[in-house]
Amino acid sequence: MTPPNLPHLKPLSETYALNPGSSRLTDHRVIGLQYLTLALIAVVIGTLLSLLMRIHIVWPAWPLWLHGSILPEDYLALVTIHGTIMLFFVLTTAPQAGFSNLILPAQIGARSMAFPTLNAASFWLTALALITLLSSTFVPGGSAISGWTAYPPLSAIPNSGPGQGVGMDLWLTSIALFAIASTASSINTVTTIIRNRCEGMTWERLPLTVWGWFTAALLSIIAFSVLLAAILLLLCDRHTGTSFFLPTGDAVSGVVHHGGNGSPLLWLHLFWFFGHPEVYIAILPGLGLTSMLLANFSHRRVFAYRTMITTTLLIGFLGILLWGHHMFVAGLNPFASTAFSISTIAIALPASAKVLSWLATIWRSKPQYTTAMLFSLGFVSLFIAGGLTGPILAQPILDEYLHNTTFVVAHFHLIMAMAGIFGLYAATYYWFPLLTSTPNHPGRLMSETLGRWHFWLTFIGAYAVFLPMHLTGLAGEPRHYSQLTGIPGTNGALSPTGVLLAQTIPPNRFITYAAIFLASAQFIFLLNLFRSLRRGPVAASNPWQATTLEWHPAMNPFTPLPASDTPAIQIHRPPCHYQTTESGGSFLPQWVSDPTQEATAENASDSKPE
Amino acid sequence: MPLACIAHSVTFALLLAPPWSLPANASAHGPALDHHLLLNLWIALALLALAHIIILVGLFLRRRTEATNLTRVEYIPLAALAILFATLTIKAERLWAATRYTGASLTALQVEATGVQFAWYFRYPGTDETFGITRPQLIAPGEGNPLGIDPSDPHSADDEVTSELVLPTNREVDLTIRAQDVIHGFSAPELRLKQNAVPGQPIHIHFTPTTPGTYAILCTQLCGLGHYRMNATLRIVTSEEFKGWLARHQKESTP
Numbered sequence: 003m004t005p006p007n008l009p010h011l012k013p014l015s016e017t018y019a020l021n022p023g024s025s026r027l028t029d030h031r032v033i034g035l036q037y038l039t040l041a042l043i044a045v046v047i048g049t050l051l052s053l054l055m056r057i058h059i060v061w062p063a064w065p066l067w068l069h070g071s072i073l074p075e076d077y078l079a080l081v082t083i084h085g086t087i088m089l090f091f092v093l094t095t096a097p098q099a100g101f102s103n104l105i106l107p108a109q110i111g112a113r114s115m116a117f118p119t120l121n122a123a124s125f126w127l128t129a130l131a132l133i134t135l136l137s138s139t140f141v142p143g144g145s146a147i148s149g150w151t152a153y154p155p156l157s158a159i160p161n162s163g164p165g166q167g168v169g170m171d172l173w174l175t176s177i178a179l180f181a182i183a184s185t186a187s188s189i190n191t192v193t194t195i196i197r198n199r200c201e202g203m204t205w206e207r208l209p210l211t212v213w214g215w216f217t218a219a220l221l222s223i224i225a226f227s228v229l230l231a232a233i234l235l236l237l238c239d240r241h242t243g244t245s246f247f248l249p250t251g252d253a254v255s256g257v258v259h260h261g262g263n264g265s266p267l268l269w270l271h272l273f274w275f276f277g278h279p280e281v282y283i284a285i286l287p288g289l290g291l292t293s294m295l296l297a298n299f300s301h302r303r304v305f306a307y308r309t310m311i312t313t314t315l316l317i318g319f320l321g322i323l324l325w326g327h328h329m330f331v332a333g334l335n336p337f338a339s340t341a342f343s344i345s346t347i348a349i350a351l352p353a354s355a356k357v358l359s360w361l362a363t364i365w366r367s368k369p370q371y372t373t374a375m376l377f378s379l380g381f382v383s384l385f386i387a388g389g390l391t392g393p394i395l396a397q398p399i400l401d402e403y404l405h406n407t408t409f410v411v412a413h414f415h416l417i418m419a420m421a422g423i424f425g426l427y428a429a430t431y432y433w434f435p436l437l438t439s440t441p442n443h444p445g446r447l448m449s450e451t452l453g454r455w456h457f458w459l460t461f462i463g464a465y466a467v468f469l470p471m472h473l474t475g476l477a478g479e480p481r482h483y484s485q486l487t488g489i490p491g492t493n494g495a496l497s498p499t500g501v502l503l504a505q506t507i508p509p510n511r512f513i514t515y516a517a518i519f520l521a522s523a524q525f526i527f528l529l530n531l532f533r534s535l536r537r538g539p540v541a542a543s544n545p546w547q548a549t550t551l552e553w554h555p556a557m558n559p560f561t562p563l564p565a566s567d568t569p570a571i572q573i574h575r576p577p578c579h580y581q582t583t584e585s586g587g588s589f590l591p592q593w594v595s596d597p598t599q600e601a602t603a604e605n606a607s608d609s610k611p612e
Numbered sequence: 033m034p035l036a037c038i039a040h041s042v043t044f045a046l047l048l049a050p051p052w053s054l055p056a057n058a059s060a061h062g063p064a065l066d067h068h069l070l071l072n073l074w075i076a077l078a079l080l081a082l083a084h085i086i087i088l089v090g091l092f093l094r095r096r097t098e099a100t101n102l103t104r105v106e107y108i109p110l111a112a113l114a115i116l117f118a119t120l121t122i123k124a125e126r127l128w129a130a131t132r133y134t135g136a137s138l139t140a141l142q143v144e145a146t147g148v149q150f151a152w153y154f155r156y157p158g159t160d161e162t163f164g165i166t167r168p169q170l171i172a173p174g175e176g177n178p179l180g181i182d183p184s185d186p187h188s189a190d191d192e193v194t195s196e197l198v199l200p201t202n203r204e205v206d207l208t209i210r211a212q213d214v215i216h217g218f219s220a221p222e223l224r225l226k227q228n229a230v231p232g233q234p235i236h237i238h239f240t241p242t243t244p245g246t247y248a249i250l251c252t253q254l255c256g257l258g259h260y261r262m263n264a265t266l267r268i269v270t271s272e273e274f275k276g277w278l279a280r281h282q283k284e285s286t287p
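From first to last, the protein sequence lines are chains A and B. Add 2 to a position in the first sequence, counting from 1, and you land on the number used in the numbering used here. Add 32 to a position in the second sequence, counting from 1, and you land on the number used in the numbering used here.
Please note: incorrect hints may appear among the correct ones.
[Unchecked claim] Across the chosen pairs, the derived CB separations fall in these ranges:
1) B:Gly258 / A:Pro539: 54 to 62 Å
2) B:Ala172 / A:Ile133: 22 to 30 Å
3) A:Leu315 / B:Pro109: 18 to 26 Å
4) B:Leu138 / A:Pro65: 53 to 61 Å
5) B:Asp66 / A:Thr119: 56 to 64 Å
6) B:Leu138 / A:Thr487: 43 to 51 Å
7) A:Glu450 / B:Pro63: 32 to 40 Å
8) A:Phe525 / B:His67: 43 to 51 Å
9) B:Ile86 / A:Phe525: 28 to 36 Å
10) B:Leu138 / A:Trp61: 33 to 41 Å
11) B:Thr246 / A:Leu469: 26 to 34 Å
12) B:Ile86 / A:Phe519: 23 to 31 Å
13) A:Gln505 / B:Leu93: 43 to 51 Å
What the hints contain is simulated information worked out from the structure, not anything from laboratory work. These numbers were taken from a predicted model, which means no experiment stands behind them. Cβ coordinates follow ideal geometry from the N, Cα and C atoms, glycine included.
With the sequences and hints as input, model every part of the structure.
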């Protein structure tokens with residue numbers, strides 16, 4: 003299809019019109035773009051905070067502009083806000099709320115999400131949560147310093163440190179708001195998938211991205227409601243004199259806690275019952291998207307499609323049974339550690355099954371190396387690299403040495419943060435035409451040249467930052483240390499700890515340089531993004547020869563038929579129907595009823611090519 | 033047995049140039065832990081390399097029709113991985129069980145470690161081998177009673193509180209880990225030990241130091257602004273030196 007040439011271009015915000023019958027505020031595409039904008043702002047802030055941390059670790063005396071030198075409590079506030087922002091407002095928000103709003107309804111042939119008003123309310127609540135979180139840096143004492151896990155009593159007693167007063171209250175409020183928004187948004191997602199599928203879209207024909215969103219939404223409903231309850235209990239401990247998490251006789255800064263006899267471990271259980279599913283919420287949409295993109299650009303079916311659906315659900319199910327592996331050394335019964343260890347190792351199997359399926363899908367396929375494909379391949383690489391240290395950390399005896407070292411930091415950054423971000427980049431490059439399409443203008447493509455540069459530099463940077471962290475962790479460097487140099491001992495000399503930490507400074511300097519490199523490479527993405535929004539080449543209606551329904555011309559906002567004239571959309575087959583013939587490849591989108599109608603279809607047979 | 037010998041020599045050969053290094057090892061359970069850790073690391077590295085070789089070779093070779101044999105491509109490799117992970121897990125659980133499933137022997141040396149923002153205190157029970165009662169109301173670091181030991185308890189009279197942990201070699205230690213204010217993480221990397229200190233919940237771990245030397249004790253659970261500097265010195269000495277040190281210390285503190 004030749005893209006129409008339209009000279010009267012206007013910025014996205016001006017030309018965006020409404021889906022029929024919905025207001026701008028509750029249109030799922032608008033909400034999706036709002037979520038992505040919020041996530042983009044959040045990821046910029048989160049990245050800058052991580053750079054400040056990296057710089058402070060190796061050059062502690064470096065003064066921050068308008069702030070002065072970074073104090074230990076400032077460093078911990080950076081840790082806390084970096085973790086919170088990245089996990090909640092980037093890795094949860096962008097794939098699960100942003101891209102699902104933009105793409106999910108179209109992929110299942112729905113005109114809208116099930117609850118448009120609830121959808122809009124969820125977004126604005128999320129925005130309020132982010133503002134609340136960021137505002138905490140301006141209150142007396144600054145932001146909370148207890149990390150994104152907020153273990154009590156540190157998080158329960160205001161005088162346990164700077165930032166644990168108003169800063170902590172704002173943190174808890176922010177996460178409570180986010181939990182409400184996420185639960186509501188997930189109910190919306192689940193309902194939409196169950197109720198709004200078009201004719202012929204059976205469960206087995208759902209694209210794996212939809213299975214990812216579906217499983218992640220189910221996990222969100224379970225996990226975030228528990229988190230909300232835990233936060234309310236903690237707020238009660240802080241303000242109403244209850245003792246859910248505080249033991250009798252707890253003495254912080256000379257003040258002894260009287261009252262009930264609670265347990266800090268209760269918080270750990272409640273938090274990690276949320277916290278572990280949360281990391282699967284962040285990665286499940288990426289797993290689904292990677293499967294679909296590898297197949298799309300390899301012009302193959304997804305190898306073992308049914309097994310892929312099963313493993314997605316298994317990862318979700320096992321994901322709620324293994325929170326205790328965060329607590330091997332936290333005071334858990336040692337027998338419980340064994341049980342949680344086994345359930346954790348068990349999840350390596352569905353995850354391995356996914357990797358095997360990806361390898362089989364791309365094996366001898368001579369794929370088309372678009373930027374989206376490169377990022378999907380990068381996702382596979384990072385998922386394997388980060389995943390392989392999972393079974394190591396799942397063994398309590400090894401966790402006894404590795405717990406809370408930078409080995410753990412390397413593990414979860416590779417598998418959750420880097421793989422997660424690669425999934426988001428793949429999604430952005432792939433769906434950009436749908437993100438930018440408006441009733442007045444067809445969608446645009448991002449620059450593939452800049453995209454390739456962006457991919458290779460990011461890929462190298464990601465490994466350069468996080469592979470050496472395994473080594474510093476093995477050498478004994480703990481997380482959350484604001485300083486590695488000059489840790490004093492009893493007599494003014496360097497303590498044995500100081501000696502141990504000083505050995506990790508050279509690799510840490512390398513990691514900081516690599517982090518600056520990795521962050522700088524993202525400017526290529528920002529440049530590409532903002533340039534392509536206005537000047538990107540106009541995309542054909544199905545530029546990647548995709549088979550899933552979001553690329554159906556009627557699903558494209560550009561020149562859609564009025565709702566009454568839209569032909570009823572019907573699904574005829576599972577996604578990824580690609581065939582290899584003598585004269586090249588052919589493909590059949592899910593919506594094409596008769597194979598002979600498709601011009602590119604050489605082979606009318608519906609059977610598997612052999 | 034010969035198989036184990038071969039496995040050991042292969043491991044040893046690989047260890048000659050490992051990309052990683054661990055701190056010195058000074059505890060009885062440490063060598064087995066290290067061995068298992070290195071085995072895991074090599075397996076992970078090998079699987080990482082294997083997966084990437086498969087990806088790269090698959091991308092380079094010319095196109096062929098797609099694989100369809102689910103059993104050969106997916107189930108057999110999956111079964112192999114399941115057996116591998118199960119073997120590693122069983123070995124790991126046995127090591128874990130050996131150190132954690134049972135308590136210390138009755139003759140073990142009793143020592144207590146208490147985490148306070150931002151220091152570790154260690155207490156030895158003295159000749160009565162019983163720790164005196166502590167009361168949070170009595171905590172007064174400025175008056176030399178950082179743990180709040182109750183002087184009216186007869187067991188408390190001979191309790192020794194120190195800021196460095198001194199332990200004799202080759203004697204099992206029953207370490208009680210406590211926290212006064214917030215959660216701390218007791219960590220002795222050279223002893224391959226890590227256990228959180230939880231307020232209101234004394235936790236016991238037991239181990240046997242083997243190699244004399246001066247080692248690090250850190251806090252590995254975020255506990256506040258001074259977390260990074262919450263450390264102490266661990267000295268492992270011969271049992272004669274230990275007896276001498278304890279006697280000297282008691283003489284100094286009871287004027």
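We went through each hint and held it up to the structure:
Separation of Gly258 (chain B) from Pro539 (chain A) is about 56 Å and conforms to the stated range, judged on CB atoms against 54 to 62 Å. In this structure the supplied range 22 to 30 Å is violated for Ala172 (chain B) paired with Ile133 (chain A), their Cβ-Cβ distance being about 44 Å. Judged by the Cβ atoms, the range 18 to 26 Å given for Leu315 (chain A) and Pro109 (chain B) holds: they are separated by roughly 21 Å. Between Leu138 (chain B) and Pro65 (chain A), the C-beta spacing of about 57 Å keeps the proposed range 53 to 61 Å intact.
For the pair Asp66 (chain B) and Thr119 (chain A), the supplied restraint of 56 to 64 Å holds, since their beta-carbon distance comes to about 59 Å. Our hint of 43 to 51 Å for Leu138 (chain B) and Thr487 (chain A) holds, since their Cβ atoms are close to 44 Å apart. Separated by about 54 Å at the C-beta atoms, Glu450 (chain A) and Pro63 (chain B) break the suggested range of 32 to 40 Å. One distance hint, 43 to 51 Å for the beta-carbon pair Phe525 (chain A) and His67 (chain B), holds here, with the actual separation near 46 Å.
At about 34 Å, the CB distance of Ile86 (chain B) to Phe525 (chain A) agrees with the hint of 28 to 36 Å. Checked against the hint of 33 to 41 Å, the pair Leu138 (chain B) and Trp61 (chain A) fails, with Cβ atoms roughly 52 Å apart. At roughly 31 Å, the beta-carbon separation of Thr246 (chain B) and Leu469 (chain A) lies within the given 26 to 34 Å, and the hint holds. Judged by the Cβ atoms, the range 23 to 31 Å given for Ile86 (chain B) and Phe519 (chain A) holds: they are separated by roughly 29 Å.
Roughly 44 Å separates the CB atoms of Gln505 (chain A) and Leu93 (chain B), a value that falls within the hinted 43 to 51 Å.
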